[in-house]
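Protein chains in written order, with numbering that gives the first Met the number 0: chain A, 0 to 102; chain B, 0 to 96.
In case anyone wonders, no lab produced these hints; they're calculated from the structure.
Yeah, the Cβ is synthetic: ideal placement off N, Cα and C, and Gly gets one too.
Hints are supplied without guarantee of correctness; some may be wrong.
Said to hold, decoys possible - If we take Cβ atoms under 10 Å as the criterion, some of the chain B residues that face chain A in the derived model are:
1. Phe7
2. His23
3. Tyr29
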Amino acid sequence: MARGHHDIGGLPGAGTIDQTEHHLSDWEILADAVNQALGAKGIKRTDEMRRAREEMDSAAYRDMSYYERWIASIEAILIEKKILAKEEIDRKLAEFESKWGEP
Amino acid sequence: MSAEAGKFKPGDKVRVKFEDRPGHIRTPWYIRGKIGWVERVYGDFLNPESLAFGRDGLPKKTLYLVGFNQRDVWDKSEGQRDKLLVDIYEHWLDPAA
């Protein structure tokens with residue numbers, strides 16, 4: 000039986016939850032906005048996004064922050080639904096990097 | 000389908016299925032195989048295990064709020080009176096004597 004990398008409730012060694020308030024970066028707010036817009040347009044559902052995060056490479060999942068996972072799952076679902084191609088996303092990313100530098 | 004379509008009612012003893020299968024599952028690992036009771040019947044909802052793959056989520060599944068004693072979940076003696084409440088869909092529950 001395999002326990003998913005997202006399903007960690009009750010595992011020992013996880014430590015306590017950091018409950019302090021923290022400010023969101025602009026890109027995190029944007030990630031939320033894109034996610035909500037895709038939902039409002041009927042392009043994806045929350046359950047699909049969750050499944051995409053569960054299907055990610057486990058090491059990558061653990062390394063990512065919360066909104067990094069959101070972005071990665073948005074990308075995966077948009078590619079799966081053939082709305083965007085990986086090459087298109089990579090091209091745009093290279094464009095932004097040459098304009099503003101590495102993220 | 001109405002909320003009354005669910006086969007369990009508040010107070011019924013239930014055991015969470017101890018199952019593993021591929022796909023998107025809303026029943027957390029730590030609660031599988033545990034025995035609790037139906038606290039509340041929420042009603043019928045589209046099945047997230049189907050929605051997760053872009054399908055229509057039909058037939059709808061009855062969702063319950065299920066209560067557990069913390070000591071039954073974690074096999075620990077502390078927290079004798081503490082309870083845990085988990086949302087669980089009907090197809091993950093069996094009747095428990």
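Evaluation of the provided hints:
1. Phe7: 23 Å, violated
2. His23: Holds - the Cβ of B/His23 comes within 10 Å of chain A, reaching about 4 Å at its closest.
3. Tyr29: Where the cut-off is 10 Å and the nearest Cβ of chain A is about 4 Å from B/Tyr29, the hint holds.
The structure fails hint 1 only (numbered hints given earlier).
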